[in-house]
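A.B. asks: Chains as they are written, first to last, in our numbering: chain G, 113 to 322; chain L, 113 to 322; chain B, 113 to 322; chain W, 113 to 322; chain Y, 113 to 322; chain S, 113 to 322; chain Z, 113 to 322; chain A, 113 to 322.
Some but not every residue of chain S turned toward chain Z, in silico, with C-beta under 7 Å:
#1 I269
#2 F311
#3 V315
#4 G318
For the record, the hints were derived by calculation from the structure and aren't laboratory data. Every value quoted in this text rests on a predicted model; they were computed, and no experiment measured them. Note that the Cβ used here is the ideal one computed from N, Cα and C, for glycine as well.
Number of protein chains: 8
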Amino acid sequence: VRCGMPEVVLAEGKEPEAFAGIMLAQVKAAGRCIATRVSPEHLDALRARLPPDVRMEHREAARGVILSTGDEPAPRRGTVAILTAGTSDVPVAEEARLIAEEMGCEVRTAYDVGVAGIHRLFSALKDLIPADVFVVIAGREGTLPAIVAGLVDRPVIGVPVSTGYGYMGGGEAALASMLQACSVLAVVNIDAGFTAGAFAAQVAHGGSRK
Amino acid sequence: VRCGMPEVVLAEGKEPEAFAGIMLAQVKAAGRCIATRVSPEHLDALRARLPPDVRMEHREAARGVILSTGDEPAPRRGTVAILTAGTSDVPVAEEARLIAEEMGCEVRTAYDVGVAGIHRLFSALKDLIPADVFVVIAGREGTLPAIVAGLVDRPVIGVPVSTGYGYMGGGEAALASMLQACSVLAVVNIDAGFTAGAFAAQVAHGGSRK
Amino acid sequence: VRCGMPEVVLAEGKEPEAFAGIMLAQVKAAGRCIATRVSPEHLDALRARLPPDVRMEHREAARGVILSTGDEPAPRRGTVAILTAGTSDVPVAEEARLIAEEMGCEVRTAYDVGVAGIHRLFSALKDLIPADVFVVIAGREGTLPAIVAGLVDRPVIGVPVSTGYGYMGGGEAALASMLQACSVLAVVNIDAGFTAGAFAAQVAHGGSRK
Amino acid sequence: VRCGMPEVVLAEGKEPEAFAGIMLAQVKAAGRCIATRVSPEHLDALRARLPPDVRMEHREAARGVILSTGDEPAPRRGTVAILTAGTSDVPVAEEARLIAEEMGCEVRTAYDVGVAGIHRLFSALKDLIPADVFVVIAGREGTLPAIVAGLVDRPVIGVPVSTGYGYMGGGEAALASMLQACSVLAVVNIDAGFTAGAFAAQVAHGGSRK
Amino acid sequence: VRCGMPEVVLAEGKEPEAFAGIMLAQVKAAGRCIATRVSPEHLDALRARLPPDVRMEHREAARGVILSTGDEPAPRRGTVAILTAGTSDVPVAEEARLIAEEMGCEVRTAYDVGVAGIHRLFSALKDLIPADVFVVIAGREGTLPAIVAGLVDRPVIGVPVSTGYGYMGGGEAALASMLQACSVLAVVNIDAGFTAGAFAAQVAHGGSRK
Amino acid sequence: VRCGMPEVVLAEGKEPEAFAGIMLAQVKAAGRCIATRVSPEHLDALRARLPPDVRMEHREAARGVILSTGDEPAPRRGTVAILTAGTSDVPVAEEARLIAEEMGCEVRTAYDVGVAGIHRLFSALKDLIPADVFVVIAGREGTLPAIVAGLVDRPVIGVPVSTGYGYMGGGEAALASMLQACSVLAVVNIDAGFTAGAFAAQVAHGGSRK
Amino acid sequence: VRCGMPEVVLAEGKEPEAFAGIMLAQVKAAGRCIATRVSPEHLDALRARLPPDVRMEHREAARGVILSTGDEPAPRRGTVAILTAGTSDVPVAEEARLIAEEMGCEVRTAYDVGVAGIHRLFSALKDLIPADVFVVIAGREGTLPAIVAGLVDRPVIGVPVSTGYGYMGGGEAALASMLQACSVLAVVNIDAGFTAGAFAAQVAHGGSRK
Amino acid sequence: VRCGMPEVVLAEGKEPEAFAGIMLAQVKAAGRCIATRVSPEHLDALRARLPPDVRMEHREAARGVILSTGDEPAPRRGTVAILTAGTSDVPVAEEARLIAEEMGCEVRTAYDVGVAGIHRLFSALKDLIPADVFVVIAGREGTLPAIVAGLVDRPVIGVPVSTGYGYMGGGEAALASMLQACSVLAVVNIDAGFTAGAFAAQVAHGGSRK
Ligand SMILES: Nc1ncnc2c1ncn2[C@@H]1O[C@H](COP(=O)(O)O)[C@@H](O)[C@H]1O
Ligand SMILES: Nc1ncnc2c1ncn2[C@@H]1O[C@H](COP(=O)(O)O)[C@@H](O)[C@H]1O
Ligand SMILES: Nc1ncnc2c1ncn2[C@@H]1O[C@H](COP(=O)(O)O)[C@@H](O)[C@H]1O
Ligand SMILES: Nc1ncnc2c1ncn2[C@@H]1O[C@H](COP(=O)(O)O)[C@@H](O)[C@H]1O
Ligand SMILES: [Mg+2]
Ligand SMILES: [Mg+2]
Ligand SMILES: [Mg+2]
Ligand SMILES: [Mg+2]
Ligand SMILES: [Mg+2]
Ligand SMILES: [Mg+2]
Ligand SMILES: [Mg+2]
Ligand SMILES: [Mg+2]
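Let the sequences and hints guide you as you build the complete structure.
C.D. replies: Take a look at the structure:
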């Protein structure tokens, strides 16, 4: 989807050729363009048609790619903390990070902090706490965001992840428990790393008073 | 439905007159008989027909009533701990307690420990920990059972409660998050205080080796 | 639920007497205490037991009540804009406003801007745009939040409202369309005015850099 | 199922050999016959058995094929406008177009008008507005049909498309938001390009008075 | 929600006083104004505040009311046929009729034709067939619209009705079977008489060529 | 599942080797044994281990296989009529036929009678009507069983089939419309040809009076 | 619904006056007419308008009423056995009995046999077994029909009942478990006593051979 | 997710290389480590990196693997009985067994006892009855756990299995019927052999009194 933020393209579901065409048109028009959920076929199609004056950066963990015609993203403005409960949540976290960094934020991460005991979470939070906003990513029962929201004063965005089998698996239990949470929490769609990262960057940028 | 344990009657959905008839037949046959989800109308019908040799005990918080022809329940055997996350969960907890006590268990409770900070939960658990089994009752996102299961070595039974509005309200989010929980947890139906209490008593009674 | 933010009590589902007890305990402990979804019976129970040194303020449109022992809320810090698509959404909006104001934010509102043509929305946004964050509340198909998110640079929080009959009525279609939105949007539970208002206040307060 | 309009065959789910047999029987009987959702295997089976006096036209973008024994479809009668929100919606749009043209309508299209700003939509509508009826196709949150219905006086048929992941993905959120829409809108099943095109043609043909 | 067509007000869910205020403002501004799903309380509030120069017409079977300052609706343009499967569907049919007539169409009806044998339906259709468009309303399994669509050449709009208990009751089975129908059919939300009537009127008005 | 009727094995989901073992044990014990949903791999495993004194019959259209050690099924007793709405429903119909014949019934079929006009159905029924019971199989909106039930006096068993895409596709709309049907109809699970055939045979066998 | 069998009227959801009119028209036309789900208000309306030559019989347990102008139902033909798991299922059973008797069948019943141990069921079945067909009615987990089907050779019709709270309560778990049952079982809608009774009567009548 | 019990790793969904790394780190730290849902690729990765001082045991039926640096699991303490209704349930049963044995319990099993008649179940139970706790595993309608719970005095844990097609297939009907069961039963997620086995072991270990 080229929507919301015009310079981001969702590769998934697009023919590689068509995808490459859209990307190159966008980078030409805007100087910079990101894609998420990029497959090897999408990358090949892009590489085959890449003009010499366009730089291409592949972020494997985020399944993302960035095209640009030279200029750096804006200087860092605001800090986003990204936490995951497990290791399966990392690709969604990396997608969020990619966008937040592109939107000029500093990003700090703490992955796989949902299990090895609450002290591990506490010490991770201590490192992250100067952050302006927290993105907390979890599958299965999805309780980590509510726990973090009970411990920090800044806004917490919950991201359900499509792990978990059986009843309400595939992220549905996580979505439900985040929406029902007693803590103050806002939520995005299952696996929606892009939306979470972009929303967090908007928060981190700070409002009009500043 | 008079099911599971024949001497327990679910009053809800039964005509008061029919209910009283079933109860009196059972106490006559078995010497002792419990009902759950009892309304004032059920109580009135029972009182109006109560023979002098049958003793009736009304447990208001549990919405329960016990008829007996004299003899005490069996001596205490095993200890059941019952915790609730909030105050709305208490009627379900009291239903569980009523049955567990009738089945001869000692019951210890800690209600409303889901919110006032994790230390409150820690100190509650300290008092309860010699228990043989834990029944943990929570609505909305239903995370308390999983947290308790991460802290104790004995079996934890999660009971979802029909609180919470909106998406997956009415206990569904709680049920889902308990079934998806990473901790080791077994679950009963939404609001099923009776089943949880009876199952816990079976665990607390201890197995054949003893 | 006394959860998330300890000084807020959800009156709905609580016995009036028990409710009043909880409120008075809280205001004594914390100097200030809010309740939402308050019925006339809850108010009566509160009034009957109100000590002379506790001030009670009833916010009818928000179905809320504030108890305090004297001191004002913190001075205004940050601005929250609240929009509704229709008039049925206003009680949810007022609940959000009550909390955001209690958390020290200036709140500006534009209600019923979802229909009378897009120009009405444009002119409403012009008045609101210096806001730090937008809470956009809509029922039925729930598209207003995504439209606003396409027009402003600050974070937009979508609140689905339980209007709409038939298929996916009661706010479910609105929740679904907000979670699927192409615009950058974070979402709270159906009718969750309290959560939206508190989250928006956290955003409006601004991060650590300031 | 060969249903609705007897001369249209849904290839999907039919064995290629059986499919070819049905098609040839129909073109022999009726002089003309269309198939939708045709795979390469279906095409091969058809080509292998095609008699010299039957003409075969493959419409790739619509995944359709037309067999005929000579005569043109009826002369153009009425105009159908077809719009899509994104590029993923185009195959459904092309299926609608194929049928509407076969039913003798002039078809005008505007694809991918859901995102590049509302002015792009306005200018697209300006070109299309003399149309008798609008088919508007969108996935994810599916709001484009309601927006178009608010802007034109002629009937608008919404077609949800099976894009979007996570909660109510696969077209369900789009279906829900179209059914809940405040604008006057009629809806067909998810991905049902054929039904939308045929219904639109019936509208465009005009009623008995003409 | 005053939406879709600005001069139609959905009374349901509005406070009687607020409802009356909205209605009177609209009739003053537009000379004419309709409300649907009107309760006796809504009517009383309206009557109490009705100025002498506003005429009020109550359509009981349609649960509707029309306010006007004198001028007739536009002269008849196009014919809409409305059929129901049973008698429980009649209020939805009358709501559709009210709107279609207000939009200047002639309306012909055949109610309760779903059961007394297929000949009853045939003879009803014979009377209705010169219509430009058919609105077919049915609850439970909702098959009547598909049957009618198989018998007529003009567009058929299916309206599911919230009858039927048990699995997929309340109109859901009817909605599902209409969306899955083999015949060419467009659908509106469960009980959405207003939308069906307005959409049918748009079809009946005829397109730009006329 | 070897359940209900002990000599029928569901091949699907079983390892070919394990499947062959179960089949051969059963034919040895009972002289006769059927399997349904048999893949080529299952057939190969069976053939490889088939002893010379066991006869194997492969019913391809029914995806079934029959093992026997000689004796014929019981003589024909009762007549079962099987109808399908489309051609995609035929494998389910053939599974029903296989079982009903094995249970000693005469089976008459009329396939693909749901579309080519109601007269085609009428003439099919005329041939079938002396049947004792009707199995009517349909996917998508699943209305054929209800129509047949309105035309015949003998019991009609509806079988939903997993065709149809989009909302409530995969047989769910068909199941719902059959359960909601106004006609007198009993239903089995989606695609459950075996259950329908066996139930029909029980009906056709006739009761104790005969 | 006056559908399926023309002389049966579903009172529920009909205005008492309209209901009485429909009933009297039917008894005049057909000599005999039944209604189910009749409220006291329906009865009053009927009594108030009952002509002297129409006899009215009220079957309270079945919530049914029978109007007739004299002649008895047809002589008994076939035997239907009706079993319930609990006492809450009895009204549905009585509705089934009313119809089956009206259709000329002998009906034998065994109520509340789902719990008091399997021997109680065995002895009940012994009395019922000469029956031509079994209607087995159960709520909550709904397993009784499958158990009966495993014990008898005649057709078993399962009727789910809307008891049971929590997850899949209201009869949904019962419907699901009956459709998934390993035994040979056909099913009707939740609480559909009328359909089950009429279907059973059709089976009991016996087929054409007799 | 490495959760619940830290020394158990869910292989499914993990990259083979990452999986092997996690396993080896755990066995080094804890002397012993189990994995469930292990694919051949996971095994290969493990074997390729296995140090000489780590012993690897592959439990094929349980899809599990155990790494250890020498010492045996704790001596047997408590007895767990595991039953399955069918043969498809065996992998889930073996997963439960693996964990329970690792936790030091004696395990006795009776597989495929759901069908060959109730006497087979009775004789199986006779062998198992000295067990401290029962794990009962069933798919489709999932009734076996409730039947066992009606026959034994020790706690019964129901495990729904993802067998069964059509309506509520994939284990959902089984889950629903277990949660609605009249017998006293606790439940785990669909296919959750690990959770059931670990919970059963906690029960079998016996409580604090011993
Ligand atoms: N403004 C929009 N409103 C609703 N849906 C949209 C919009 N833009 C794109 N989509 C949908 O998003 C999906 C992916 O779009 P695309 O990336 O263009 O293929 C398609 O199903 C579009 O209909
Ligand atoms: N920490 C928590 N985790 C899960 N649910 C909770 C928690 N705290 C409160 N609740 C639930 O919120 C609901 C309302 O709580 P209360 O306001 O105390 O009656 C109850 O069902 C509680 O179980
Ligand atoms: N009596 C029964 N009750 C419940 N489920 C059963 C029963 N018998 C078999 N099943 C289930 O049917 C599925 C297929 O069984 P099988 O064919 O033995 O692999 C398994 O999930 C079994 O649990
Ligand atoms: N042939 C039919 N097809 C579909 N629904 C029907 C049919 N006949 C009656 N109904 C529905 O059954 C419900 C009750 O009908 P009635 O008893 O006439 O009020 C209404 O919603 C009807 O639409
Ligand atoms: Mg917080
Ligand atoms: Mg534990
Ligand atoms: Mg924006
Ligand atoms: Mg319009
Ligand atoms: Mg037609
Ligand atoms: Mg019939
Ligand atoms: Mg049987
Ligand atoms: Mg037991």
